[in-house]
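Throw the hints in and build the complete structure from the sequences for me.
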Amino acid sequence: MGKAWKFGDSISTDVIAPGRYFHLRSNLPELAKHVLEPARPEFASEVKKGDFVVAGDNFGLGSSREHAPIIIKIAGAKAVLAKSFARIFYRNCINIGLPAITCNTDKIDEGYEIELDMEKGVVRNKTKGMELEFPHLPPVMNRILQEGGLVAYIKAHKSLEI
Amino acid sequence: MAGKTLSEKIIEKHCGKVVSAGETVIVNVDLSYVQDGTGPLTVRRMKEMGIEVAYNPKKTIFFLDHASPSPRMELSNDHEFMRDFARKSGIILSDVGNGISHHNSLEKYACPSDVIVGADSHTCTNGALGAFGTGMGSTDVAAAIALGKTWMRVPETYLVEVNGRLPKGVYSKDIILHLIGTIGSNGATYKALEFTGDTINDMSTAGRSTIANMSVEAGAKAGLFSPDDETRNFLKAMGREEAFRELKSDEDAVFEKKIQIKADELEPLIAVPHLVDNVKKISEIGKVKVNEVFIGTSCNGRLEDLHIAASIMKGHTINPDTRVIVTPASRRVYIEALKDGTIETFMEAGALVTGAGCGACDGVHLGILGDGEVCLATQPRNFKGRMGDPDSFIYLGNPAVAAATALAGEISDPREVM
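Residue numbers (the numbering used here), protein chains in the order written: chain A, 8 to 169; chain B, 726 to 1143.
Be aware that a few hints might be false.
Incomplete in silico selection of chain B near chain A, CB under 7 Å [what the hints assert, rightly or not]: (1) R770; (2) M774; (3) T864.
The hints are simulated quantities; they were obtained by calculation from the structure and are not laboratory data.
Predicted model only: the values in this text are computed from it and were never measured.
For every residue, glycine included, the Cβ atom is placed at its ideal position computed from N, Cα and C.
Pasting the structure below:
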């Protein structure tokens, strides 16, 4: 169970990991103190382990900086839920082992306590009786995510063959 | 069996089997590169994977272009970390001052029909030569460098047909801004864009690279052009005509969508803050005073772009309330612009010319915006906070708009001064 932190549409990687902290990219815990700062300055200091980032369309558009999903994960978020994701950001999430869930986030309000059932493909809010289904990942991505990300996958298999 | 798109054909050549859009395949990668914003993490990922050698070091490049030269000691340390790994592994290092990865790639490394992965979202710029270039994160590119392979889903293609003569003051930047404004910043997510039509046939490789570059701003995985005589001539001018290969979509290829653009009906366009798909005609902008004009980047930092801007600024002086920063895309562009007097024109007009690189676009150095400041830039992105203060404002336009704005101190229609 974790709390939903709501964000709007088109949250770019410049908002998730602002360029003015470019010099902190080799110091990720420090960079994570500024995650999503232009959108919600209080997020980095108040987010609790196991909370969820919940957004609208095209989350993570823009640059390829993998630091963006990494600092969302370091800040404590368990997953990112959005109506849709930008391509590179989505791939990056899976590669670093942060679930990126595509679902109708209009049904989730700010502050909802939600839980994620990856196996069944469902997001739930028990008190509201809400259950949102989400599609399973493509097999390649599912396998990478289940093995803990792409680094762990390659370390184990020394190959990309699935 | 239906014909194949250019993207499908390139991917087939790299996975050794017949493919169609929607399939997931493992492909051989011809060229991999990273830049200084993503490279240090790529190196760490390779170390974590336990593979510290490149599969093909001569086709792997580390570009130091985002902080070039380093404005902070943390970034100087990042640079040293990348230089050290490149030295030990035989990877090619393109050090500060050589310019932007994508433009150097077009000049020196990319070949038509290549599969190119770069840890930079604008790697799609390579599509200007008919390469399948796509941006990925540090870990994906680490895997590509280590294994010489990556996995990808074969994308469906949107065919964008552009016909007609571009009117005065309107350039390839306006074509791609028009497309993004029409289909939206997620209008082509996961898709390949392929550009065709008589406007494209008549367009230089520089013009094509602006369009390929911004394909990602519509969410696309790649933005491609069929290699043609122009491509061959460009490669010849770069001293590598042998890299030319012909490849094009079949007549009966399956395109998921076809989009028509009438070039002769376009006018200069502006993407207003804070999203690239907030596209307006310049006539609808109203009075917008500008603190900074920035001419350069992987989108519009080529010689042709500098010529367009210089032709408007020649013999004039920039507005005293506006600073104007010009950053050539590559060392080669810089040298050519020096030789033909373009740099002198900018300097005499009162502009500041920096070394080649990404310049102000990434918000790290060379023109960071302050609280409330407004910038008109030729770059590909205007996201909130991108160039510095989160309360600054970035407008995007073509190089002629940038030059007219530099003289007037407010966003201006170049057709009035051309």
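So, going through the hints one by one against the coordinates:
Checking R770 of chain B against chain A: minimum C-beta separation of about 6 Å stays under 7 Å; hint holds. Annotation: interface hint on M774 of chain B holds; nearest CB of chain A at approximately 5 Å, less than 7 Å. For the restraint placing T864 of chain B at the interface with chain A, the shortest Cβ-Cβ distance is roughly 4 Å, inside the 7 Å limit, so the hint holds.
Violated hints are absent here; each numbered hint is respected by the structure.
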